[in-house]
Each structure stands twice: as C-alpha cells, then as structure tokens.
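J.: Here's the letter readout for the chains.
4 protein chains.
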Amino acid sequence: MPIDLKMNPLKGVIPPMATLLSDANTLDLQGTTKLIDHLMHGGVHGLFVLGTTGECTNIAYPMRKELIEFACRQVAGRIPVLVGITDTSPAESLSLARVAADAGADAVVAAPPYYFGLGERELISYFGRLADQLPLPLYLYNMPSHTKTSLTGAAVLELSSHPNILGLKDSSGNAVYFNGMLYAFKDRPDFTLLVGPEEMMASAVLMGGHGGVSGGANMFPRLYVDLYTAATQGNLQEVARLQQMVMEIAAEIYALGSYGSSFLKGLKASMAVLGLGNGRLSPPLEAFDAQNMKQIENRLKGLKAYQTYA
Amino acid sequence: MPIDLKMNPLKGVIPPMATLLSDANTLDLQGTTKLIDHLMHGGVHGLFVLGTTGECTNIAYPMRKELIEFACRQVAGRIPVLVGITDTSPAESLSLARVAADAGADAVVAAPPYYFGLGERELISYFGRLADQLPLPLYLYNMPSHTKTSLTGAAVLELSSHPNILGLKDSSGNAVYFNGMLYAFKDRPDFTLLVGPEEMMASAVLMGGHGGVSGGANMFPRLYVDLYTAATQGNLQEVARLQQMVMEIAAEIYALGSYGSSFLKGLKASMAVLGLGNGRLSPPLEAFDAQNMKQIENRLKGLKAYQTYA
Amino acid sequence: MPIDLKMNPLKGVIPPMATLLSDANTLDLQGTTKLIDHLMHGGVHGLFVLGTTGECTNIAYPMRKELIEFACRQVAGRIPVLVGITDTSPAESLSLARVAADAGADAVVAAPPYYFGLGERELISYFGRLADQLPLPLYLYNMPSHTKTSLTGAAVLELSSHPNILGLKDSSGNAVYFNGMLYAFKDRPDFTLLVGPEEMMASAVLMGGHGGVSGGANMFPRLYVDLYTAATQGNLQEVARLQQMVMEIAAEIYALGSYGSSFLKGLKASMAVLGLGNGRLSPPLEAFDAQNMKQIENRLKGLKAYQTYA
Amino acid sequence: MPIDLKMNPLKGVIPPMATLLSDANTLDLQGTTKLIDHLMHGGVHGLFVLGTTGECTNIAYPMRKELIEFACRQVAGRIPVLVGITDTSPAESLSLARVAADAGADAVVAAPPYYFGLGERELISYFGRLADQLPLPLYLYNMPSHTKTSLTGAAVLELSSHPNILGLKDSSGNAVYFNGMLYAFKDRPDFTLLVGPEEMMASAVLMGGHGGVSGGANMFPRLYVDLYTAATQGNLQEVARLQQMVMEIAAEIYALGSYGSSFLKGLKASMAVLGLGNGRLSPPLEAFDAQNMKQIENRLKGLKAYQTYA
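Protein chains in written order, with our numbering: chain A, 69 to 378; chain B, 69 to 378; chain C, 69 to 378; chain D, 69 to 378.
Be aware that one or more of the hints could be misleading.
Which copy? The list can't say, so a pair holds if one copy fits it or any two copies do.
[What the hints assert, rightly or not] Computed cross-link-like contacts, BS3-like style, restricted to lysine-lysine with a CA-CA straight-line distance of at most 27 Å:
#1 Lys369 - Lys254
#2 Lys369 - Lys74
#3 Lys133 - Lys254
#4 Lys74 - Lys254
These are calculated hints, taken from the structure and not from any lab test. This one's a predicted model, so the numbers in the text were calculated from it and none came from an experiment.
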C-alpha cells in the first residue's frame with residue numbers, strides 16, 4: 069500500500085535519482101542498488117525516479133518501466149517513491165503511471181507537455197484531466213528551461229484544489245515565483261512546495277518551503293539532509309557552513325565546459341569517482357571524455373563536501 | 069523497395085498528413101484512407117507522416133506504428149513516404165525508423181531532441197550518429213519554435229556530407245536562414261531544401277527551393293501543387309493569384325482564437341467540414357468547440373480556395 | 069564630498085525612488101521632496117535615483133538631470149545617493165554621471181546596453197572602459213528581463229577587480245545566480261551584492277546578501293528596513309512575520325491587470341493613496357484608470373502593511 | 069517642402085545609411101558627404117538615417133541632430149530622407165522628429181520602445197499618440213531582435229488607419245509575418261511595406277513588397293537597385309544572378325566571428341576598404357581588429373559584387 073502523502077505531506081530532501089547505465093540500452097542494476105542504499109543511508113526523505121536529473125526523456129520506455137519497478141522493489145516502502153511521468157503524450161504518461169502504481173510507487177510527478185506548448189487554460193485542463201485519471205497522486209513540476217512553458221502561479225493555485233494534486237516542484241530557479249507560491253499556500257500546509265535547484269534549497273526552506281529535489285544528493289545525500297535539517301531548525305550558522313559546501317559543489321562540479329548538460333556530465337563523473345556508476349549519460353547526451361573525467365576527479369577530491377561526507 | 073531519393077531528390081509539395089482519430093486512442097483508418105486518396109488525387113509529390121501537423125509527439129507509440137504501416141500500405145509506393153521520428157530518446161527514434169523501413173517508407177525526418185537542449189557540436193554528433201544507424205535516409209528538420217534548439221546553418225552544412233542525410237525541412241519561418249541555405253547549397257542540387265510554412269512556399273521556390281511541406285494541402289492539395297508548379301515555371305501572375313488563396317486560408321482558418329494550436333484546430337475543423345475526419349485533436353490538444361467549428365465552417369465556405377478547389 | 073563606499077561598503081535597503089511627475093514633461097518637485105523625507109524618515113540606507121522603478125529610460129534627459137540635482141540637494145549627504153546611468157550610448161551615460169558627480173551623488177549604477185546586445189567579452193570591455201572614465205564608483209546592474217543581456221557570473225567576477233566597480237545589483241530574480249554570486253564573493257565583503265526583487269530580499273540577506281533595492285519601500289520604507297534588520301539579526305520569526313506583509317503587497321498591489329508594467333502602475337497608484345504623487349507614469353507607460361485606482365485603494369487599505377506602517 | 073509620401077508612396081531601395089565617425093564623439097562629415105554621393109549615384113530611392121545599421125541608439129543626441137541636419141542638407145530634396153527616432157522616451161523621439169522636420173526630412177521611422185516592453189494595446193496607443201504629435205509622417209518599424217517587442221500584424225492593421233502612418237519596415241526576417249502583411253494590405257497600395265534583411269528583399273518584392281532597407285547598399289547601392297528592379301520586372305533569371313551576389317556578401321562579409329554585431333563590423337570594414345569611412349563603430353560596439361580587417365579586405369576583393377559593382 070502506498071504511503072499516504074495526503075495525510076503525511078512530503079517534506080525534506082527527495083533526490084532526483086541519477087539513472088545509471090551499463091551501456092546505452094541497459095540499466096546498471098547493480099549500481100542502482102548501491103545508489104539506492106547510498107541514498108537511504110544518507111537519510112533522504114523520498115526518492116524521485118525519472119526526473120530531469122534521471123534523464124527521464126532520454127530513456128527508452130521499456131527501460132523506464134524496468135527502472136520504476138526495480139527502484140520500488142529496492143526501496144520497499146521505506147520512503148516515498150515518486151516517479152516522473154512527464155511526456156508529450158498523455159497516453160504514455162498514464163501508461164508510466166500505471167506501471168508506477170503496480171510497482172508500489174507512492175506518487176507521480178509531471179511537467180507540462182514540452183513539444184506543443186499549451187496556454188494557461190489548456191495547461192489547467194490538461195493537468196486536471198491527468199489527475200482525474202491517474203492511479204496515484206500527482207505533484208506538478210515547473211521546469212520552464214526544458215519545457216518552454218511556465219506553470220503560472222494562477223494555474224498552480226487553481227489546480228491545487230484537485231484532490232489528487234498534492235504539491236509543486238519548482239525548478240525555475242526564480243525565487244520571486246517560489247516565494248509567491250509560499251505566500252499563496254500559506255494556509256495550505258498540506259500542499260507540498262519543493263524547490264529544484266540545490267543552490268536555493270536552504271533559502272527556500274528558511275522561508276517556509278518543504279524541501280528540495282537536490283541533484284547533488286546523489287553524491288552526498290547526508291550533506292543535503294543536514295542542510296535541510298539546519299534550515300528547518302533555523303540554525304543559520306550551520307546553514308551558512310553547509311551552504312558553502314553545496315555552492316562549492318556547484319561551482320566545481322557542475323560548471324566544467326559550457327554544455328547545457330554540464331550539470332549532468334559533472335554529476336555522473338563525480339558519482340563514478342565515488343563508486344556510483346560509470347559516468348555514462350543516456351544518448352543523446354554524452355559523458356565527459358577522459359581528460360574532463362580526470363579534472364572532475366581532482367576537483368571532487370578537493371571539495372570540503374568530499375572531505376566531510378565521502 | 070524504397071524510392072531512391074538520393075538519385076531522385078525529393079521535390080514538390082509533400083503534405084504533413086493530419087493524423088485522424090476516431091477517439092483519443094484510436095486512429096480513424098477509414099478517414100485516413102480517404103485523406104490519402106484525397107492527397108494523391110491532388111497530385112502531391114510525397115507524404116510526410118507524423119510531422120508536427122500530424123501531431124507526432126502527442127500520439128502514443130503503438131498508434132504511431134500503426135499509422136506508419138497503414139499509410140505505407142495505402143500509398144503503396146506511388147509517391148515517397150517520409151516518416152517523422154523526432155524524439156527525445158534516440159532508441160525510440162530508431163525503433164520508429166525500423167517500423168518505417170519494414171513498412172516500406174522511403175525516408176525519415178528528425179528534428180533536434182526537444183527536452184534537453186543540445187549545443188551545436190552535440191547536435192552534429194547526434195544527427196551523424198543517428199544517420200549512421202538509420203535503415204532509411206534522413207531529412208533534417210529545423211523547428212525551433214517547438215524544439216527550442218535551432219539547427220544552425222553551419223550544422224546543416226557539416227551534416228550534409230553524410231551519405232545518409234538527404235536534405236532539410238526548415239520550419240523556422242526565417243527567410244534569411246532559408247535563403248542562406250539556398251546559397252550554401254547552390255552547388256548541391258541533390259540536397260533537398262523544403263520549407264515548412266505554406267505562406268512562404270511560393271517565395272521559397274521562386275528563389276530556388278525544392279518545395280514545401282504545406283499543412284493546408286490536407287484540405288486543398290491541388291492548390292498547393294498548382295502554386296508550386298507556377299513557382300517552378302516562374303509564372304508570377306499565377307503565383308500571385310494562388311498565393312492570395314493560400315494567404316486567405318491562413319488568415320481565415322489558422323488564426324481563430326489565440327491558441328498556440330490555432331493552426332491545428334482550424335485545419336482539422338476545416339477538414340471535418342470537407343468530409344475528412346471529425347475535427348478531433350490528439351490530447352493534450354483540444355478541438356474547437358461547436359461554436360468555433362461553426363465559425364470555421366462559415367469562413368471556409370467563403371474562401372476562394374473552397375470555391376475553386378473543394 | 070561623496071561618501072566613501074569603498075571604505076564603507078553599501079548595505080541595507082536602498083529604495084529605487086519612484087519618479088514623481090506633475091505632467092508628462094514636468095517633475096513633481098514638491099512630491100519628490102515629500103517622498104525623500106518619507107524615505108529618510110523610514111530609515112533607508114541609501115537612495116537609488118533613476119532605476120527601473122524610477123522609469124529611468126522613459127524620462128527625457130533634461131528632466132533626468134534636474135531630478136539628479138534635486139535629489140542630491142534634498143538628501144544633502146545624509147545617505148548615499150546612487151544614480152542610474154543605464155543607456156545605449158556610453159556618451160550619454162557619461163554625461164549623466166558627470167551631472168551626478170557635480171550634484172554630489174555618491175555612485176552610479178549601470179545595466180548593459182539594451183538595444184544592441186553585447187556578448188560576454190564585449191560587456192566586460194564595455195563596463196571596464198566605462199568604469200575607467202566615470203567620475204564616480206559604479207555598481208553593475210543585472211536586469212535581463214529589460215536589457216535582454218545577462219551579466220554572467222564570470223563577467224561580474226572579472227569586472228570586480230576594477231577599482232571603480234563596487235558591487236552588483238541583481239534583478240534577475242534567479243536565486244541560483246544570486247547565491248552563486250554570494251559564493252564567488254565570499255572572501256570579498258567589500259563587494260556589495262544587492263538584490264532587486266523585494267520578494268527575495270529577506271532570503272538573500274539571510275544567505276549573506278548585503279541588502280535590497282526594494283521598490284515597495286517607496287510606500288512603506290520602514291517595513292523593508294525592519295525586514296532587512298530582522299534578516300541580518302537572524303530573527304527568523306520576525307522575518308516570517310514581515311515577509312508575509314511584503315508578499316501581500318506583491319500579491320495585492322503589483323499584480324492587478326496583466327500588464328508588463330502592473331508593478332509600476334500599482335506602486336504609483338498606492339503611493340498616490342498614501343499622499344505621495346498623483347499616480348502618473350511617464351510615457352509611454354500609462355497610469356491605471358479611475359476604476360483600477362479605486363481597486364488599488366481598496367486593496368491597499370486592507371493590507372497588513374498599511375495597518376502597521378502607513 | 070517635404071516630398072509627399074502619402075501621394076507618392078515610398079518604394080525601392082532605401083539604404084539604412086551607416087553613420088561614419090572620425091572618432092567616438094565626432095561625425096566624419098567628409099566621409100558622410102562621399103557616402104551620400106555614392107548612394108545617390110547608385111540610384112537609391114530614399115535614404116534612412118539613424119536606423120539600426122546607422123547605430124542609432126549608440127549615438128549621442130547632439131551628434132544625431134547634427135547628422136540629421138547634415139544628411140538632409142546633402143540630399144537636398146532629391147530623394148526622400150527618413151529619420152530614425154526610435155527611443156525609450158517619447159519626448160526624445162519627438163525632439164528628434166522636430167529636428168528632422170526643421171532640417172527638411174520627409175518622414176520618420178520608429179520601432180517600439182525597447183526597455184520597458186509594451187503590450188499590444190499599449191503599443192497601439194503609443195504609436196497612435198506619437199503619430200498624432202509628429203510633425204512628419206511615420207513608418208512603423210518591426211525589429212523584435214533588438215526591441216524584444218513584436219509589432220503584431222493586428223497592431224499594424226489598426227495603426228494603418230492613422231492618417232499619419234504610412235507604412236511598415238519589417239526587420240523580423242519572418243517571411244510568414246511579412247507575407248501576412250502583404251495579404252492584409254493587398255487593397256492598400258498606399259501603405260508601404262518594406263523589408264529589412266537584404267537576403268529576403270528580392271523574394272519580398274517578387275511577392276508584392278515595395279522594397280527594402282538593405283544595409284549592403286552602403287557598399288554597392290547599384291547592386292541592390294538592380295536586384296529590386298529585376299524583381300519588380302519579374303525577371304527571375306536576373307534576380308537569381310544578383311541574389312547570388314547579395315548572398316555571397318552576407319556569407320563572406322557579415323558572418324566573420326560570432327558577434328551579435330558581426331554584420332555591422334563587417335559592413336563598416338568593407339566600406340573602409342571601398343574608401344567609405346574608416347571602419348570605426350560607435351561605442352559600445354567595437355570595430356574589427358587589424359587582422360579581421362585584413363580578412364574582410366581579402367574576402368571583399370573576391371566577391372562577385374566587388375568585381376561587378378566596385
């Protein structure tokens with residue numbers, strides 16, 4: 069039976085799990101097992117499978133289904149599992165959601181369709197209908213850099229009255245937007261507001277947000293959990309100390325080269341150094357070459373986070 | 069055996085066939101048969117299945133495969149069939165291409181991946197690798213309004229040396245870009261340059277382009293074929309006369325309401341009036357309501373194109 | 069003699085003063101006097117004349133010069149006066165800066181040129197040369213929504229070594245960017261980092277930022293000063309209480325209608341209700357009509373901030 | 069007395085004259101005299117001073133006024149002189165327009181304000197009011213890449229009923245938009261439709277457009293006049309021959325480096341080689357360095373246009 073996220077609203081650090089691959093068309097299940105253990109051991113509060121960090125849209129559908137089932141089996145109900153079902157075709161989203169429900173996932177996450185752009189009213193209608201049909205609760209996902217379409221505050225507000233829509237993950241990076249959501253939902257503690265970019269997780273939580281979907285937690289889950297905890301406790305000194313580590317990771321690991329996918333390349337390269345996977349990305353994305361891998365390794369080993377949490 | 073598009077470069081009007089649906093999850097095969105007959109009878113020079121006008125990315129994969137097979141069977145080698153395989157996952161693109169090859173299609177068409185944006189070098193590498201693996205020749209597809217990513221002229225030039233890449237369909241609407249391509253390929257008559265928006269098909273052909281992928285040809289194929297022919301013959305008076313009809317269609321049928329999908333809504337509503345399908349769009353897009361349908365009917369019947377070509 | 073902002077780095081709430089007008093071509097000097105008194109009385113830490121909230125680029129040059137001189141005379145050295153010199157023509161920027169220096173202003177503020185977009189290297193060269201020639205220290209101004217061009221973090225870093233560049237005002241709203249700047253300048257407490265949008269001022273200060281250029285301070289300067297103070301003291305309970313007021317202002321006053329300039333229309337309408345100016349905007353912007361003015365009045369009087377600070 | 073452009077609608081090649089500078093703050097009047105002679109001798113049908121190619125917004129106001137007066141004096145009524153008054157401040161636009169009227173210019177040209185973006189209704193109101201107050205007729209100027217704001221077709225249509233608005237210069241590069249305007253104004257031969265980018269001038273004229281504001285005419289005015297004439301005569305063979313030259317210029321001269329201002333850098337470098345000016349750009353733009361200058365010289369001398377028209 070899924071965890072009741074309506075009664076127990078989602079909070080904390082919910083890593084967007086990296087999708088580990090043996091080769092372009094094969095999941096690295098051994099690596100995934102190790103990664104899930106690593107995350108659980110780090111104290112994360114949930115797991116988000118097939119988010120953007122999980123390279124969702126790149127993965128062929130049969131592999132997505134395999135991963136959903138595998139992850140749910142590994143987690144085995146210990147923490148909530150959220151499954152990304154973002155798609156351009158509602159039928160495919162529903163199909164993924166059914167796999168998730170059958171596998172024992174606890175909720176699904178969907179960003180706006182990203183080929184044809186929908187207007188605000190069309191988005192509201194789209195998500196409303198999707199939520200009607202889904203076998204699991206839905207978290208909305210605002211990701212304008214990838215979907216072209218923004219989920220306006222007004223759209224989120226209107227959709228929040230749907231009994232099957234439980235929250236929002238905002239990856240816009242826009243603090244005005246996120247703080248606007250915090251204000252709009254100030255009397256709805258049950259509506260979960262999570263922030264995507266880890267660089268703003270602490271400030272989002274300090275201002276009342278419920279947590280973050282921090283990609284870096286794939287490397288150092290405990291760091292992000294500690295930062296989240298410090299923020300919920302209002303321990304500003306500790307927040308400042310840990311935020312330095314988080315920002316150092318972003319500066320050193322996510323910004324090598326000037327690729328749109330520098331974040332993913334750096335994250336997976338670092339994870340490989342940490343014994344988590346082989347650094348491979350799913351096509352059409354490409355991993356760093358050996359020279360960049362070496363650079364990441366050197367940078368990683370110089371990080372305060374590495375020295376503290378590896 | 070597929071038509072050899074390398075020896076006989078593609079030219080003319082290649083309609084992006086509308087995907088007709090009985091309901092959200094069922095193809096209207098009877099309607100599709102009628103539509104293909106209608107297009108063939110109108111003298112079109114090829115058929116493009118699962119383009120943007122075909123609502124490609126909205127259609128669940130099993131239906132895409134069914135449509136590819138059905139269309140190829142109906143066309144039966146009389147004109148080239150091109151199949152859209154644009155996807156975020158190369159594995160899914162390849163899977164569609166294999167279905168297309170098995171069904172007897174003649175080529176495939178792919179726009180850049182549209183969730184993660186690729187840089188110029190990454191795009192070149194992506195398309196090069198895709199072309200290596202495809203069982204059919206490839207036409208590149210520039211569609212920045214939907215994919216976020218532009219296929220730069222430099223990228224097209226570099227990719228044009230690949231033996232399996234035969235041309236470009238440009239739907240940017242940007243005449244500077246398209247004329248730049250015409251100039252760059254002035255000594256490569258074998259590299260097909262097609263233009264997407266029908267409003268600029270005639271001028272593109274007058275300047276040396278090889279044809280157009282005109283959505284309106286779903287309604288009035290003969291009109292676009294006549295316009296193409298007039299342009300290839302340099303008959304400017306005839307071009308001017310027919311261009312008026314094409315522009316009247318755009319003004320009256322494609323611009324009702326201010327939806328991102330007004331074009332598709334209006335096209336399918338008009339097709340329904342013409343006895344081609346029921347006006348339905350694939351989710352998440354929605355058809356016009358009854359009132360708008362009526363408006364389109366009235367506008368359609370007032371068109372010069374309707375009076376001449378219906 | 070100007071305040072030495074190099075020795076005493078700027079901090080706190082520096083309102084972007086609204087430019088009050090009697091009619092399209094005449095400053096409301098009486099209103100401006102009252103507004104400056106109001107701001108000083110509210111405890112603000114500086115004054116920013118001719119920022120975006122000051123409708124900078126709309127104001128004819130002679131009026132800009134008159135306003136600079138008038139404001140400096142009124143402030144009379146009690147707090148730092150910063151003057152916006154953003155322009156497309158460096159000669160005009162310099163000319164405004166000279167007026168500012170002669171009038172006794174303490175610094176100038178410049179965003180990237182906003183007609184021709186400059187690349188990163190060109191921007192660095194532009195600002196470097198500008199800073200060389202300016203008679204006053206310069207704060208960089210990141211305002212991509214209005215200038216099209218982003219001041220990248222790398223550009224700010226490189227420019228920060230210029231002895232005449234003292235800080236950055238970031239109005240991108242992007243917390244990832246701003247937190248990246250806080251990290252990059254963690255060992256440069258002398259380099260002032262101010263945030264534009266008031267909705268994120270508190271979180272920016274909690275994370276180590278030096279203050280905000282909060283437009284709403286034109287109405288309720290003390291509120292923003294109190295919020296800034298609470299944030300610098302790490303008083304999270306007080307931050308939460310005041311942040312509610314700030315967000316209520318944003319939700320009620322800045323979002324009426326769906327104009328690009330709803331913020332300015334609402335701000336000036338509210339100021340008029342508060343006895344500060346007549347609500348007029350500088351052409352080509354237009355004030356709210358009587359009905360919207362009335363709506364703003366009603367909303368304003370219902371605000372917690374109004375009840376506490378008016 | 070100005071030329072009556074209402075009775076004699078503007079047609080043909082109206083070059084956007086490059087603004088030649090001796091140094092950053094001084095016009096090169098001798099060069100300008102030579103350039104105007106060169107253009108007149110090339111048979112151009114009008115002159116557009118202070119357009120984007122004229123680096124309008126970079127030039128300090130006193131220099132703009134000097135240039136307007138100087139150009140009008142040199143042209144002395146032989147062909148229409150249009151003056152760019154695009155500005156963020158309507159008062160400054162009006163001030164420039166008065167200078168233009170006093171100097172004997174025939175019309176002014178204005179793009180949307182480009183710092184604060186206006187909505188469609190606001191733009192209509194802005195241009196309507198501007199046209200009411202202007203001492204000269206107005207041509208609208210669509211230039212979204214620089215102003216962020218598009219002049220929608222609907223806005224142009226509504227504004228076209230203003231007795232003082234005589235036409236549109238469209239620099240969007242979007243042939244769908246421009247052809248839409250041609251259709252919308254098919255019964256208004258008095259409303260002038262000019263296209264900006266020279267790469268699409270011929271096709272625009274073939275489809276019924278009235279001419280172009282071709283930057284390359286600063287180098288080779290006769291080429292563009294010949295191309296325009298061939299297009300008006302429907303001489304497609306000649307159009308094709310000359311279009312090759314125009315496209316070669318674009319490929320060789322306007323695309324060196326990857327600057328936003330590569331066009332301007334290359335144009336002015338080439339003009340310098342041709343004895344027109346010194347290659348200098350107005351700050352904040354920078355001229356090519358000596359090495360790039362040399363490259364442009366070599367490329368220029370290899371052009372068919374150079375061999376035919378220099």
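J.: Hint by hint, which ones does this structure get wrong, listed from lowest number up?
T.: Numbers 2, 3, in rising order.
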